[in-house]
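Could you put the whole structure together from the sequences, leaning on the hints where they help?
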Amino acid sequence: MWSSLPSFVAVYPETLLVVVASVMALVDRWITRKAVFTWATIVTALLALALVFLTQGTTFGHAYAADQYGVFFKTIFLLVLFLVALLAPGYNQLLGINFGEFYALLMYAVTGMMLMASTRDLILLYLGLELMSLSVYVLVGLLYAELRSLEGAMKYFLLGSFASAFLLLAMAFLYGLTGTTNIEAIAKALLAANLSANKALFLSAALFVVAFAFKVALVPFHMWSPDAYEGAPTSVTAFMSVGPKAAGFAAMGRVFLIALAAAKTEWTQLLVPLAVLTMFTGAVLAVVQTNIKRLLAYSSITHAGYAVLGIIAGTKEGMAATMLYLFLYAFMNIGAFSVIVLMRRRNFLGENIFDYQGLSKTHPTVALLLLIFLFSLTGIPPTAGFIGKFFVFRAAFEAGHTALVILAVLASAIAAYPYLRIVMLMYMKPPEKEVEISLNPYIFAGLMFAVTGVLLFGVYPGPVIDFARACCTGFLP
Amino acid sequence: MEVALRTAEFPLLSAIIWLPVIGAIILLLLPRRDRLIRWFSLVVALADFALTLPLFSWFDKDFAGMQFVEKHAWIKAWHISYFLGVDGISVLFVLLSALVTVLCILISWEAVTEKVKEFHIALLLTSAAMMGVFCSLDLFLFYLFWEAMLIPMYLIIGIWGGPNRLYATIKFFLYTLVGSVLMLVGIIFLYLKAGTFNILEIMQLGLPYQFQFWLFWAFFAAFAVKVPMWPVHTWLPDAHTEAPTAGSVILAGILIKMGAYGFLRFSLSFFPVAAKAMMVPMLLLSVIAIIYGGIICLAQTDLKRLIAYSSVSHMGFVTLGIFSLEGNAVEGAILQMINHGIVTGALFMCVGVVYERTHTRAIKDYGGLATVMPIYAAFFMVFTLASIGLPGTNGFIGEFLILLGTFASKRWAAVLGALGVIIGATYMLRLYQQVFYQEVNPKVAGLPDVKMREVLALVPMLILVLLIGCYPTPFLGFMHASVRALLEHVHQAAGTTLPISEILKEGLHVVLPS
Amino acid sequence: MIPVSWYLVLTLFLFAIGAFGFIARRNVIIMLMCIEIMLNAVNVTLVALGRGLAHTTAHVLVFFIIAVAAAEAAIGLALVVLLFKKTREIHMDEFRTLKG
Amino acid sequence: MKYVVWIPLLPLIAATITLLFGRWYIRRQAHWLPCIAVFTSFLISLKALFDVIGGARANFDLYSWVIADTFKVGVGFQVDPLSVMMLAMVTCLSFLIHVYSIGYMEDDPGYYRFFAYISLFTFSMLMLVSANNFLQLFFGWEAVGLCSYLLIGFWYQKKSAADAAKKAFIVNRFGDFGFALGVFLVFVTFGTIYYEPVFARVHEIAHATVNLFGHDILLPTLIAVLLFCGAMGKSAQFPLHVWLPDAMEGPTPVSALIHAATMVTAGVFMVSRCHEIFELSNVAMAVVAAAGTFTCFMAATIAPTQFDIKRVIAYSTLSQLGYMFMACGVGAFAAGMFHLFTHAYFKALLFLGAGSVMHAMHHAPDPTDMRYMGGLKKYMPITFITFFIASLSISGVPGLAGFFSKDEILWSAFASAYPWGKIVWLVGTLVAGLTAFYSFRVVFMTFYGEFRGREVLHGHEPHESPKVMTIPLMILAVGAVVTGWIGIPHVLGGENHFAKFMEPVLGHPHFHLPHGWEEKEALLELLLMAVSTAMGLLGIYVAYLVYIKRPELQRLVPERWPTLYRYLYRKWYWDEIYHALIVRPTFFTARAIVQGVLDSIFIEGVVNGVPDMIRRGGETLRRVQNGVVHTYALIMATGAAVILLLIYLF
Amino acid sequence: MEGLLPKIVFIYLAVVLVVTSLLVVTNRNAVHAVLWMLVMFLHQAVLFITLDAEFLAAVQIIVYAGAVLVLFLFVVYMINLRTELKIHNFTVFWPAALFVSVALVILAAQALKDFRAPQPVGDMTPEAIARVGHAKLLGKALFTEHILSFETVGVLLLVAVLGAVVLTRRIRMIRGEGL
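Residue numbers (full-length UniProt numbering), protein chains in the order written: chain A, 1 to 477; chain B, 1 to 514; chain C, 1 to 100; chain D, 1 to 650; chain E, 1 to 179.
Note that these hints are calculated values from the structure, not bench results.
Heads up, a few of these hints could be off.
[What the hints assert, rightly or not] The calculated PhoX-like cross-link candidates involving lysine-lysine, where the alpha carbons are at most 25 Å apart (straight line), are: (1) Lys361/A / Lys433/A; (2) Lys316/A / Lys193/B; (3) Lys429/A / Lys115/B; (4) Lys113/E / Lys199/A; (5) Lys159/D / Lys364/B; (6) Lys76/B / Lys193/B; (7) Lys549/D / Lys378/D; (8) Lys443/B / Lys158/D; (9) Lys549/D / Lys500/D; (10) Lys264/A / Lys113/E; (11) Lys520/D / Lys422/D; (12) Lys188/A / Lys264/A; (13) Lys159/D / Lys443/B; (14) Lys47/D / Lys500/D; (15) Lys500/D / Lys520/D; (16) Lys377/D / Lys549/D; (17) Lys115/B / Lys361/A; (18) Lys76/B / Lys316/A; (19) Lys188/A / Lys7/E; (20) Lys99/C / Lys86/C; (21) Lys433/A / Lys115/B; (22) Lys72/D / Lys61/B; (23) Lys364/B / Lys158/D; (24) Lys113/E / Lys7/E.
[Claimed, not checked] Non-contacting residues of chain D with respect to chain A, defined by C-beta distances greater than 12 Å in every case (computed): (25) Leu12; (26) Ile26; (27) Asp69; (28) Ile102; (29) Ile382; (30) Pro398; (31) Glu450; (32) His458; (33) Val478; (34) Leu537; (35) Thr563; (36) Thr620; (37) Gly627; (38) Leu649.
Keep in mind that this is a model prediction, so the values were computed, not measured.
Idealized CB from N, CA, C, for every residue including glycine.
Rendered as structure tokens:
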């Protein structure tokens, strides 16, 4: 029993975000210069990042620890926030999305994710997840003038709540078995009570698998994601294709690798078929898409399939691989979405892949950037995508999942086709219609930042690999 | 096999690899003035070629190990280093790559008129990646270059290619990607076993046979597609047919050599026991490629397609030589790779010359060209003869050594392989007759003969054809020490081979979750 | 004392009924209510477990679940109203513009 | 004796210069350089010949050609009686034909090309005969094949010429296939392919066997038969003889030089060169004898039915080559070489004579058709006389070159220790008669009787050829008479210098006379000589009877035995048989099976089928994503249920 | 006898909960469904009381019955679809849904046979509740151990408010949106 309040140092970054978000939401009506919000978000993201590193190692009671594991994920989230803040202004301006609310909701969502990444308590994990989810539901529906935005939000909301119920059930059973919601304590209790062969524990693990599989969009719990991605404003799609997914993986790492370490064989066996299904379904479905947002949605499903390989490996290397994968994925995926954002005009969606036909002729720079992002998504060296894939495959292989890796590489070959198709349209077909693109400095900076990341980490990933591994060292034995 | 190293004082190989990349970056910044761009890339390519010349003269032919070695730590976390070096097996390919790049720029001078800047950037990047493949002594670095080359090549075929290029590029890309990713699995496995990507260290690993067996096939997937071996050859005719001339020349000249080079550098030295055990299937596939590729040539009606299928047949000779595991044959195979690069590259250049004038590749649209374009016909004749393997041309030396060596190791393979020589003469002469002899086809009447620029690109090839044909000793001289060391390594490798059924059972055991 | 398993079975039944309703009912408001049923099912278990363990955490969680459920209901109903205003339709299976 | 290097080198230089600059700079003067080069080569060859007669020998490498792992071979020269004889003969004939061509090719647009090619050919042939290893032999072997290809297809605008060139090359490739394998086997057996060490150690493998398809085969047999495959191709022996008649599409000097005098005899030369290997194997010798005998007979039956003057001579060449192989097949290699030597002159003469006739007839649509000739002797006396001499020589009329060489072959065959000697003799004697018959058939149809070609010549009169053509004819005519005199057998009081000269290289045949005749060897030889001479004279008489005296007899065979006649006229249907058995099936396989089924349906089916499957799978899965949120929920719940089920499965 | 009464009470409550929830799920009329749900919540509150969780029972009634259900009712009335009564209110694949739900129950129940609760770990014994009071115990836990979660819930509710405001605020619809 505590006699005094714990130190709040550990949650300074989150506090900062919440405060700035709330202020933004409040003053939205009175500030007409929208750039202020963008700048505020960028500065906040950078400040929060600095705080994340400064508060590293601090704890907040038993519930929360700003450990290295969390630091890495928070870096990803803030990176995502930074990139999305850069890509959003033009698009939001064009479609009349309120900057203040938009950025506020983004920051709330990021707060939720950060809580998920650093939590040591299932309750806080649930609340962080809900905070993130609720913010994202609203973000998806922000473009309520468009039916598809609302429809996407509604579907995402319904299915998300449905999945939350499974998560709660899983947590309830786990709590019932161990008498605690603290993640480390659960692990200890499971070992102490020798529950590693208990069917009820497996049930709980299975329900966790269902819930997290929904969050990171593993097949067959992925079905919300193409619809939500397509319906959402593209700036939000960019955000939710990386952020919540990474948060889901962060939570997965905490729950599966720490809390449920005793049932590792079981949840591994549950995740393996999901991973295989995910990689192939995502790849196969991406092949037949003509809407680029939807295509990237399926692509992100496939990528989740790869990322989960690191969790399946269940080792320090595996977790580091997943983390690195997500980090690199942020650069390339948001980069790709930035280009899609550029295509949008008031009366022109610019989402059909045929809209990209001949882009290399009309806008060579943009086409080249998209080319690089797409090849990175394909996993062709010397781009970051290859490094990520390599690390993940390596970790899974090391953990003995040979067949899984072979299937993964085959899936990656199938998955290459949709990206190639877009490149093909951009570079090998003549332009059919005039496509107008107005680069604003923000998005240009974002694109440059992303492409630099993709290429730099493609040829010199050493430091970031070391970082990811170091972040896992304290996390896993 | 302990591989000796000889470190370079000057980072020559790095300079060779990165000069085109720097050139490409500068090109990116240059204004879109076609003449400027062409001249600039030509200068870069020539400079790069000039840089490779010291390799030729400074190379110590008696030294079996790696020379011009550079090694720097790169990704420490995975023990990856930036590790370059060449030996007698790879040095000639670096030279050839540089030469081919120069020639490709020359032959594209007028053929490529759209997106000139992009074209030359892609060309230079391809060239850099190819040379990187041949110089890498780190498996990761190797794979990086190996895959990186796909992107510019994909663009070269897809943007500047023929009418059906989209299908061809996708096929090319996916085919090679499927092969490569399987190799990636193998590479990861090797890394986990060896704890390093250092090729020279992995060579000494001495894995048990069941591992070697599986890894052999994983690497085989990548190399066989690249070579291409039967039955994974069908991307090649499509890619060749649709590629612009420069693309075809690079494909034929260098790209498909990378597969055979991979067999030599990796399959043989990493998995010697498996290579020995898989010798017969490999020889069989090679023989099938030779004969199948030859026979199918007889049915072709498209100039480029015919030459492409002939590549399948010729590369069958190369793999035949490699997997005969006999010194003469392996040297012959390496020489034959160079030869095929020169000859088939030159043939594609020649086809490009008329294609630029007529925009048709159908054989029936030609006829009597010897009357119309006699100089061109003479060039084509020499390359045809080299392709047939007439003594005095380079093709003969390679094929002869391959068949001779193969005969010493597996007679039936040499006998069947030699049948390919007959078929080769049949389809090439048939082609030559239909295109150059007989009455002048009105469609080609009055075509201008080759221009100076085209002659300039073809003459080096012609000289090489005759030089290697009449005096191959300096070229073969590069290889003796390295090939001998390699084959000693292969033949000394110990390991009990298991029956396939046993291997499969064990493999399933490993792969399936318990 | 009533065994914990009784509560667990009750929970399962309620949860399954909620899940069935969620999948089977077309009316989006009913679907939302079904989610509430599912959450309440979990609450039953948690309270029972909390009593068995004599532990406050379970009760805290239940308290939070109720709060979150309220927040979810607010967002969900807001979306329902918006959708209805736009389309005069509350049957979720009629919304099929996003598919494939 | 390093100077022999210049013998092949000079023609090569001439050829290269002519080829490079002929088109623009040399043009009509293209003949000078090759002629001078070949003539100089001829002089050097003569010097070499006299040096060798004086006892000099040489065997040296010019430079290392190929050095691979264990395989080392150079470009080298072996100067011994055999090669020096060939050098002298080739340069001599080549020079004469060069000169002849100045006239014959006068107005051809490809003038420079022609001289470059035959010069190149001369180089190749000289490399072939002077080689000191198998690889260089093979180089020459293929190079002459190339020149033959280029020259047969010299008038490439004509489809028939292009076809014939291609056919020659490809048929030869079949032979080379065997030859190359033979060389491989030599290398694998001996570890080297230089003649000297190979032939020195050849007796070590006399009894070695090699297992082939479950049968033990004598190693020398295998080597010899494989090498002989090459000879069959190059020397147009059955079954690879089909290319030679078609090769007549080339200019006539080419036929004379390549397809009569030199290149086609390379097979005989090679067999003689390797006689150490052949002699170790009775089977191989039998194969050689059988191929020679059969070809000899077959060609002799076809020749009388043909009307194309060049074709008749081509078949005659086939037949004479058969004689040479008959000699080799009974171990009389020197006799074979002797016939090769004499044949070169009279056959070249026959061709050049025919060329001269064609030159006269060149306004006719088909200047080779004998049915439009006749009575030409009064228009072109020199041609007539030289042609007549050559025909006498080939018919074996005593005193002329052909008589001596042919009789030596027949005698060697009859006296041979090999059991098939008698059959060879019998066929040889029979064919001697046929040879005389068809040779004089040509003479009578061409030069005697009335001129039948006025309507096709459209008023042009046939005329004698210019001096530049007739002088070579006259020189060759001398050769057709006197070359035999260097090999006059002992029974006729000669010394047989030729055989003696060759003996160090070729040895001498083993005789095994019939029982009871051992003492009366000379008598027997004379008797046989008489028989063959009688056959020859009989042939001439029959020809005279049929083509001068009683022309109606010409229709006898076609009307009495039309099937037989057609069979012979269509050259035993070999072309048709090959077409049906090899060419058509190959192309059918290529188009229909390999291209049509295997590649496009089978392999491409898989290649395109997998992506199609993926696409179709995608389209199907796509329908599951139907936009209805309940479906999604149901699938989620089902997934959850399946996952719960998995708990029990594991 | 002492053990029997709570069991009877539990069985009653359980039956009512299941029946009312089934009625919610199956009822054609949304208003009726909401009302049945109210009944269900009330019974659940009673269940909470039997489990010594008085404060939660109060929250259940105040928040759920009092606020959330009213909100639902409000929306139902606002929408007020008459046609609702005439058309299908189940999706076509409801049998599949039923099957899956039953399967879930069976499978989970099988697994839960293994369920073993640990020994009591906390201090929230019935005696403590009786002595200190449920609300106070809960409050103490909330404001000490779970303070961060509590704060998070606060933010979450803020987001909910903000979200609801953002979504329902009427702003100019963009013209020409046929998209």
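* Lys316/A paired with Lys193/B [C-alpha distance capped at 25 Å] -> OK: Lys316/A and Lys193/B at ~18 Å, within 25 Å.
* **12 Å Cβ clearance of Val478/D from chain A** => holds (75 Å)
* To do: Confirm or reject the statement that Leu12/D sits farther than 12 Å, beta carbon to beta carbon, from all of chain A.
  => Nearest chain A Cβ is 50 Å from Leu12/D, so the label holds.
* Asked: Per the stated criterion, does the least C-beta distance between Pro398/D and chain A lie above 12 Å, as a non-interface residue requires?
  -> holds (83 Å)
* To do: Measure nothing beyond the straight line between the CA atoms of Lys549/D and Lys500/D; if it is 25 Å or shorter, mark the hint as holding.
  => Since the Cα atoms of Lys549/D and Lys500/D sit roughly 45 Å apart, the hinted pair is violated (cutoff 25 Å).
* Given as non-interface: Glu450/D, which should sit over 12 Å from chain A by C-beta -> Per Cβ check, Glu450/D is outside 12 Å of chain A; nearest 76 Å; holds.
* Asked: Are Lys188/A and Lys7/E close enough, with their CA atoms no more than 25 Å apart?
  -> violated (35 Å)
* Has the given pair, Lys47/D with Lys500/D, been kept, meaning a C-alpha gap of at most 25 Å? -> With Cα atoms ~19 Å apart, Lys47/D and Lys500/D stay inside 25 Å; holds.
* Asked: Given the hinted pair Lys159/D and Lys443/B, is their alpha-carbon gap at most 25 Å?
  -> The given pair, whose Cα atoms are some 18 Å apart, holds under the 25 Å limit.
* Asked: Given the proposed pairing of Lys500/D with Lys520/D, does the C-alpha separation stay at or below 25 Å?
  -> The given pair, whose Cα atoms are some 22 Å apart, holds under the 25 Å limit.
* Asked: Is it the case that Ile102/D keeps its Cβ farther than 12 Å from each residue Cβ in chain A?
  -> For Ile102/D, whose nearest Cβ neighbour in chain A is about 60 Å away, the distance exceeds 12 Å, so it holds.
* Asked: Within 25 Å, alpha carbon to alpha carbon, are Lys99/C and Lys86/C?
  -> Cα-Cα ~19 Å, so holds.
In summary, the structure is inconsistent with hints 9, 19, 36, 37, 38 from the numbered list given earlier, while agreeing with the others.
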